[in-house]
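If you're matching them up, the sequences are chains C and Y in order. Numbers given in this note's numbering equal positions in the first sequence, counted from 1, plus 460. For the second sequence, position 176 matches number 165 in this note's numbering, and the numbering has no gaps at all.
Stretches of chain Y that chain C covers, calculated by requiring three or more beta carbons in the stretch to come under 8 Å of a beta carbon on chain C:
hint: 1; stretch: 101 to 115
hint: 2; stretch: 178 to 185
For lysine-lysine, the following DSS-like pairs were computed, each having C-alpha atoms within a straight-line distance of at most 30 Å:
hint: 3; chain 1: Y; residue 1: Lys111; chain 2: C; residue 2: Lys553
hint: 4; chain 1: C; residue 1: Lys589; chain 2: C; residue 2: Lys553
hint: 5; chain 1: C; residue 1: Lys589; chain 2: Y; residue 2: Lys111
hint: 6; chain 1: Y; residue 1: Lys111; chain 2: C; residue 2: Lys614
hint: 7; chain 1: Y; residue 1: Lys111; chain 2: C; residue 2: Lys595
hint: 8; chain 1: C; residue 1: Lys684; chain 2: Y; residue 2: Lys111
hint: 9; chain 1: C; residue 1: Lys659; chain 2: Y; residue 2: Lys111
hint: 10; chain 1: C; residue 1: Lys614; chain 2: C; residue 2: Lys595
hint: 11; chain 1: C; residue 1: Lys595; chain 2: C; residue 2: Lys659
hint: 12; chain 1: C; residue 1: Lys653; chain 2: C; residue 2: Lys684
hint: 13; chain 1: C; residue 1: Lys653; chain 2: Y; residue 2: Lys111
Think of the hints as simulated: they come from the structure by calculation, not from any bench. Here the structure is a predicted model, which is why all the values come from computation and not from measurement. Where a beta carbon is used, it is the ideal one built from N, C-alpha and C, also for glycine.
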Amino acid sequence: MTPTLVFDGVWKRFRRGGAHDSLRDLVPAAFRRLIGREPAPKADNRHFWALRDLSFQVAPGDVLGIIGGNGAGKSTTLKILNRIMEPTAGVVKTSGKIGALIETSAGFHQDLTGRQNVFLQGAIMGMRKAEVERKFDEIVDFSGIADFIDTPVKRYSSGMNARLGFSIAASLEPEILIIDEVLSVGDAAFQRKAFARIKAMATAGAPVVLVSHQLERIAELCNKAILLEAGSVRASGRPIDCINEYLHGKAPAAPTQDELAGIRFDSVTAPDGSTLLSGDELTIIVQGTADLETPPSTWMPACRIIDVRTGNDVYAVTGFQRDIPLPVRGEFKYRLTFEMNVAPGAYDVSVFIWDSVLLTRPIVGPPIRVSILERHPFYGVAQLKTRWEAPKTGVPEMASIEADAERWRIA
Amino acid sequence: MTVSVANGTPEPIAFVRQRHSVVSIVRELWDARDLVTQFVQRDLTIRYTQAVMGLAWALLMPLLLIGAGMMFRIVLATLSNTSLSAVSVASLAAKSLPWAFFSAALSAATMSIIGHSSLIGKVYFAREALPLATILSQSPDLAIGLVILTVVFPFVGVSLSWAALWIVIMMILLLIFTVGCALLLSCANLFYRDVKYIVQITLNFGVFATPVFFEPQMLGPKGAEFILALPLSPFIQAMDVAMVHGHNLLTSATVVTAKGPVVVWAPWMLGYAAGSAILLLTVGLLVFRRASTRFAEMA
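Sequences are here, hints too, so could you generate the full structure?
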C-alpha cells in the first residue's frame, strides 16, 4: 500500500542558548556589531542537529514504534510529524487528519467545569463543536467521572484530569495516529481500559506512530520499529530486534577507576548470557586485582542492580552480610547469582566497593547490562513467589478448609 | 555544496518550506472557527463569572478613561475661561470607547502567545486563533459601551442620525486593525520578551497621540492635519463626527475657529482606515504564519 506518512531526509537544527531574547540585549549588541566593536557570533557552536537525515515511511495498517534514549530525537520527530515544528530541511508528507494522544489535557482551564473543558480541549484537538456534542456521552462514560462533569477541573485529582483528557483524545477518528507516553494514565483499571482502546485505535487501519519507554508495549503493539540514536536511525525492522539492539548494542561506558585506590575490577561478565526470562537466574563473574596497604575496615564489596528505565536501584547487597571479605592483595574472583524476579526491561548490574561509614562508592567496576524478557505476564516491578490455591470441587465451608487440605490442588 | 558539521555528516542542502498565502491562512482559520469560539467563550466565562463586578467590569476601563478625559478638559476649559458643554462630554465618552477597546485588546493579545506557550509546544492548531480570540473576547465591552451611548445620548441632547451607522463599519475596521497589530506584537513578544513593556508604555502615552482627550481643531489647521494623519485617528474621530454630530463620513467636515476653518474629517480618512486595517492584517497574517513555525522552539 502507498505510505500515507513519509519522512524523507529530515533534518532539524536547534539553537543552543546564548541568543538574544530581549530587545534590551539585542539592540546594544547589534549596535556594537555595526560599529565593528564585536564580531558576529559564530553560527557553528550555537546550533546542534537534533535530527540528521531521518527517513521512514508508515503505510496504512502499520504501527511504527520509535525507541531510543533521551535526546535521541523521538520527541522532535513527533513534533515535526504533528506540525508543531518545521524541519530545517527535508520533506515530510502526510495525508489526512492527524490525531495525537500527547499530553491530552494540555488545553484544560482550571476554572472551567469538566463539561466546558471537553468542548475546549476537543476544539483544540481539531474537533468541530457538533462532533464533540455527538461524542460527549461516550467521552464522559469512558472517563468514568460522570458525577463530576459539572465541577471545575481545579477540584479534580490529577488522575481524573488525565482520564478526562485521554477520553477526549480517544474519541478522535484520525487518519494518522500519534501516541506518546500516554500508556500510563490513571489507575490500573483505567490503564487496562486505555490500553485496550489504544490497541483498538492502532489496529483500526490508520497508520500509527508510537513512542514509549515501555518497551514491552512497543513489542506488543507495533509491527515495525526504528531505533533512533543522536537523531539518526541506528536500526529498523522488527520491534524485537530494535529493542534488543537498544538494550545490548551499546555497552554502558565504564567509569574510570582510580589506580591509587588499591582495588581494580578488571572484568565483569555474564557467562550464561545476559538475556533471560523474568524469574531465571543471572550469574555474573567478577574478576579484579587488589593491592591495599592498609585495608580500610569500613570497606566492603557490593553489587547493585539498576533499572535502566527509571535509574532507580532495584536491589543492592554487600558482601559483609554474606561474610565475603574485602580483597586485600592479589587477584580475586567472585561469582554472584541472582534470581531475577523483576519486570521485563533492561537492568545494569554494577559491582563496587562500599564505604559503610562515609556511605560512598570509592571504587566502581564496569557495569554489565542485562535484559529481562517476559515469561508470565504480570503487573508491577517485581515477581513475587506466589502460591495460588483453589478448591478442587465446589466452594468448601470456611471451617473445613484447614481440615480438608487434600481437597486443594496446588498451582 | 555540502558543509561538514561536527560529526562529519554533510549538512543538508535542500530547505523545504511550506508556502502560505493570505487566502490559505484565512481558510484554515475559517475551518478553526469553532476553536476561536471556544477560546472566546472560555475568556468571557472566566472574566464575567469570576470578577465580582460582572458587567461593571466591561464599563470600568472606559469610565476611568472618560474620567481622565474630563479632568483634562475641565483644566483646559478653566484655563481658557469657557464652560464644558454637554456635547463635548458626549464626544469625549464616544471617543473613549474605541481607545479603551484598542488598548485593552492589544495589551491582552500581546501576551496571548506567551500565555499559551505550554499548549503551543504540545498541540497543533491554527495559532492565529489565540490573538484573534483574545481580541474578540474584548469586543463585547465595546458593543455594550456603544449600546449604552445610543440609549443615553438622546437624554443629554445628542440626537442620533442615520450617519451613526458608519460607526458599525468603522468599528469593524478597528477590529481588523487591532488584529493586525496583535498578530505582529504577540509573536514579537515571544521572540523578544520585553516587547510587552514597550507596548504598555506606548499605550499609556498613545492616548495623547490620538484625538481622544482633545479635539483636532484645538491644535489649529496645521496641527489638526497632523493629528488626523496618525493611524488610529480615523477610528476615534469618526465617533465624534458620525455619532455625536451626525455627519456623513463620505463628505468633509469643517469647524470654524478663531484661527480660521479647520478640517476635522475628510473622506480620504475612510480609505486610510480601511487601507491601513487591511494592510496590517495582511502583513500580520503572513509574518505571524512565517514566525509560527518557530513558536514551539521559543516557547
